[in-house]
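Number of protein chains: 2
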Amino acid sequence: MIKYPNNKKNNSIKSSDEAKKRTTSNRGMSLEEDINLSNKYYLVNDIAVIYKKPTPVTIVKVDYPNRKSAKIVEAYYNTPSTTDFNGLYKGHYIDFEAKETNSKTSFAFSNIHQHQIEHLNKVDQQGGIAFIILRFNFYNQTFLVKATSIIKHINSGFKSIKYDIIVNEALLIDEGYQPRLNYLKTVDKMFNI
Amino acid sequence: MIKYPNNKKNNSIKSSDEAKKRTTSNRGMSLEEDINLSNKYYLVNDIAVIYKKPTPVTIVKVDYPNRKSAKIVEAYYNTPSTTDFNGLYKGHYIDFEAKETNSKTSFAFSNIHQHQIEHLNKVDQQGGIAFIILRFNFYNQTFLVKATSIIKHINSGFKSIKYDIIVNEALLIDEGYQPRLNYLKTVDKMFNI
Chain S
442 MIKYPNNKKN
452 NSIKSSDEAK
462 KRTTSNRGMS
472 LEEDINLSNK
482 YYLVNDIAVI
492 YKKPTPVTIV
502 KVDYPNRKSA
512 KIVEAYYNTP
522 STTDFNGLYK
532 GHYIDFEAKE
542 TNSKTSFAFS
552 NIHQHQIEHL
562 NKVDQQGGIA
572 FIILRFNFYN
582 QTFLVKATSI
592 IKHINSGFKS
602 IKYDIIVNEA
612 LLIDEGYQPR
622 LNYLKTVDKM
632 FNI
Chain P
442 MIKYPNNKKN
452 NSIKSSDEAK
462 KRTTSNRGMS
472 LEEDINLSNK
482 YYLVNDIAVI
492 YKKPTPVTIV
502 KVDYPNRKSA
512 KIVEAYYNTP
522 STTDFNGLYK
532 GHYIDFEAKE
542 TNSKTSFAFS
552 NIHQHQIEHL
562 NKVDQQGGIA
572 FIILRFNFYN
582 QTFLVKATSI
592 IKHINSGFKS
602 IKYDIIVNEA
612 LLIDEGYQPR
622 LNYLKTVDKM
632 FNI
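So the protein lines, in turn, are chains S and P.
The first sequence begins at 442 in my numbering and counts up one residue at a time.
The second sequence begins at 442 in my numbering and counts up one residue at a time.
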């Protein structure tokens with residue numbers, strides 16, 4: 442059981458949307474783009490098979506201007522029931538969500554949907570590798586946080602996790618050229634695989 | 442390397458679309474619906490965490506009738522780069538595609554996108570469990586076929602796999618009430634896990 446903060450107003454911001462809002466940025470790319478590029482590198486080099494899942498939408502109306510093409514003319518975004526990324530690494534099932542925050546001091550759990558946390562909890566309980574990639578834009582630092590760390594803090598009644606605690610409990614992900622974000626090296630360390 | 446049949450015209454039919462076309466059917470549900478129901482059963486009973494990925498679409502235009510809602514008014518279907526289903530079972534990464542055919546005699550490989558086959562091949566090579574759930578509507582039989590079986594036949598130059606060969610190389614999936622399609626029992630047998 443996860444005692445999720447009773448925060449009805451879910452002001453979750455997708456990493457790519459938030460990235461667009463950044464007015465001052467040291468980098469050209471959003472966290473999501475960095476991860477996608479890293480995943481391509483891992484795929485091409487036979488290191489891992491990890492993809493971002495498509496954005497879940499409910500398609501209501503489709504037009505067929507001609508026999509060969511279909512144009513969706515009415516659709517709506519769904520609340521995602523799982524995380525954004527999953528795949529296979531060293532024979533392990535890997536599953537994570539990526540989030541950015543502009544806060545200097547903490548990351549609010551209201552930025553992650555409750556069922557995403559529940560999903561990560563299920564993955565952890567069934568022997569998968571579950572975590573969150575969390576970027577503090579202000580510090581230009583990207584951390585790998587175990588899902589169990591986040592769940593522990595939620596279950597203790599906290600509505601956010603302080604930056605100082607992240608620095609202690611999480612691991613900083615190395616950034617470079619190829620891969621852009623070497624988060625699987627951090628997975629090795631964090632999960633001893 | 443997978444020597445995919447040089448069949449430019451990809452007449453792939455999604456299982457749900459094909460199901461709609463069936464005029465005489467012993468069952469009310471498409472293969473995809475059967476699998477989704479089975480996955481819900483597996484999830485609720487802590488047997489596995491397996492989901493269908495959302496349909497990949499490219500979103501071109503979004504209207505915002507008011508601050509809180511977003512309506513997608515122009516979007517297009519993408520060719521999927523991976524398979525429809527993946528997840529976690531007994532600590533293993535599991536990945537598969539579901540297909541139906543109305544043919545009595547064979548399943549044509551042109552019904553699976555080449556990059557889906559390449560994806561299943563990568564999953565297999567990196568220690569994941571990769572297969573295809575294949576339903577012959579005429580016989581009302583659903584088989585679990587190892588991805589490596591399909592790849593072997595493609596690499597031998599075949600453009601389809603005969604029903605008789607499926608009966609020999611694949612395993613029939615038990616159908617019931619809960620789960621609707623007990624395909625993980627078949628995974629146990631096929632992959633010795």
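In short, the hints are calculated from the structure, not lab data.
Don't take each hint at face value.
Intra- or inter-copy, both count: the list cannot distinguish identical chains.
[Unchecked claim] In silico lysine-lysine, BS3-like type, Cα no more than 25 Å apart, as pairs:
#, residue 1, residue 2
1, K603, K545
2, K481, K444
3, K444, K593
4, K493, K531
5, K512, K603
6, K531, K502
7, K502, K600
8, K481, K630
9, K444, K512
10, K600, K509
11, K493, K563
12, K603, K630
13, K512, K502
14, K481, K531
15, K494, K512
16, K512, K481
17, K444, K502
18, K626, K593
19, K630, K509
20, K481, K600
21, K531, K630
22, K563, K509
23, K630, K493
Against the structure, the hints come out as follows:
no.	hint	in the structure
1	K603 to K545	within (9 Å within a copy, 62 Å between copies)
2	K481 to K444	between (36 Å within a copy, 22 Å between copies)
3	K444 to K593	within (10 Å within a copy, 49 Å between copies)
4	K493 to K531	both (18 Å within a copy, 23 Å between copies)
5	K512 to K603	neither (45 Å within a copy, 36 Å between copies)
6	K531 to K502	neither (42 Å within a copy, 39 Å between copies)
7	K502 to K600	neither (39 Å within a copy, 35 Å between copies)
8	K481 to K630	within (21 Å within a copy, 33 Å between copies)
9	K444 to K512	neither (42 Å within a copy, 33 Å between copies)
10	K600 to K509	between (50 Å within a copy, 23 Å between copies)
11	K493 to K563	both (19 Å within a copy, 16 Å between copies)
12	K603 to K630	within (22 Å within a copy, 48 Å between copies)
13	K512 to K502	both (9 Å within a copy, 12 Å between copies)
14	K481 to K531	within (16 Å within a copy, 27 Å between copies)
15	K494 to K512	both (21 Å within a copy, 20 Å between copies)
16	K512 to K481	neither (29 Å within a copy, 31 Å between copies)
17	K444 to K502	neither (38 Å within a copy, 38 Å between copies)
18	K626 to K593	within (24 Å within a copy, 34 Å between copies)
19	K630 to K509	neither (49 Å within a copy, 41 Å between copies)
20	K481 to K600	neither (34 Å within a copy, 30 Å between copies)
21	K531 to K630	both (13 Å within a copy, 23 Å between copies)
22	K563 to K509	neither (41 Å within a copy, 31 Å between copies)
23	K630 to K493	within (23 Å within a copy, 30 Å between copies)
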